[in-house]
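Respectively, the protein sequence lines represent chains A and B.
Going by the numbering used here, the first residue of the first sequence is number 25, and it counts up by one from there.
Going by the numbering used here, the first residue of the second sequence is number 185, and it counts up by one from there.
Hints were generated in silico from the structure; no laboratory data involved.
From a predicted model like this one, the values you see are computed outputs, not experimental measurements.
Glycine included, each C-beta is placed from N, C-alpha and C at the ideal position.
Take the hints with a grain of salt, since some may be wrong.
Claimed, not checked - Per the computed footprint, the stretches of chain B lying under chain A, defined by three or more beta-carbons under 8 Å from a beta-carbon of chain A, are:
| # | stretch |
| --- | --- |
| 1 | 276–287 |
| 2 | 349–355 |
Claimed, not checked - Quick list of simulated restraints, FRET-style, between CB atoms:
| # | chain 1 | residue 1 | chain 2 | residue 2 | range |
| --- | --- | --- | --- | --- | --- |
| 3 | B | Ser201 | A | Phe87 | 53 to 63 Å |
| 4 | B | Thr270 | A | Val43 | 30 to 40 Å |
| 5 | A | Phe80 | B | Tyr326 | 38 to 48 Å |
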Amino acid sequence: MMGLDILFKIAGVGILISVFHTALKQAGKEDMAHLCTLAGFAMVLLWVVQLLGRLFNTVQDVFKLF
Amino acid sequence: MWLKILGSLLVIIASVSLGFMLAAQYAERPRQIRQIISCLSALKSHINYTAIPLPAALVQSTGGITGPIAELFQAMASLLADNGLTPQAALNQALKDSNKLVLHNPEREVLSVFSANLGGMNREEQHKSLDLAQEQLSRIQYEAERLCEQNVKMYRYLGICGGLAVVIVLV
Chain A
25 MMGLDILFKI AGVGILISVF HTALKQAGKE DMAHLCTLAG FAMVLLWVVQ LLGRLFNTVQ
85 DVFKLF
Chain B
185 MWLKILGSLL VIIASVSLGF MLAAQYAERP RQIRQIISCL SALKSHINYT AIPLPAALVQ
245 STGGITGPIA ELFQAMASLL ADNGLTPQAA LNQALKDSNK LVLHNPEREV LSVFSANLGG
305 MNREEQHKSL DLAQEQLSRI QYEAERLCEQ NVKMYRYLGI CGGLAVVIVL V
């Protein structure tokens, strides 16, 4: 249930970041647009890394790897 | 649940109004520069043809204009008349006192240079200096309009999307 929630969150951030990118690019601020995309990417990466950590912990528990 | 919705609404309203406020500042700057130009052309005719004293000419040149620029010229006139400052000192003081102006450094510089020449020379020289100031201001106005076109839309979009992004991250 938790995974679905964060999936929607990531999708929302992705849509908004794309809008940010378009708006900033239209205003002629390409560098800010790229910075913005990078910030969004880093934020989403943080969430994904946490989830991956949980996945590895689960795998360790299931196969009794210590 | 309701508390979350209420909080999200507040965040979105705050960020949207912030974006629109910044956009309004960019839209206001060309308007104020245009008003200054029209005040200067009225001032030019008051100096050249009616030849009335500077404070009265300044007040009369704001005819038909309302808002911060009219207030700026009227404040400058009253400073000139009451405190006996030089035109440049009066204008600088008036610029400093007014907090509704959204003028940037280039137009402030032009105004300062023009006011330094005001009232110190004969009519033809003042005419020339006013012409120069008008020409410089119209160039600045063109630039400001270009910036306005670019930035107004961007700040509105950023305000709305920024609010939504914050809500998504926090929820």
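Checked hints:
1. 276–287: violated (count 0)
2. 349–355: holds (count 4)
3. B:Ser201 to A:Phe87: 53 to 63 Å: Once the Cβ atoms are compared, 54 Å apart, the range 53 to 63 Å for A:Phe87 and B:Ser201 holds.
4. B:Thr270 to A:Val43: 30 to 40 Å: 52 Å, violated
5. A:Phe80 to B:Tyr326: 38 to 48 Å: 60 Å, violated
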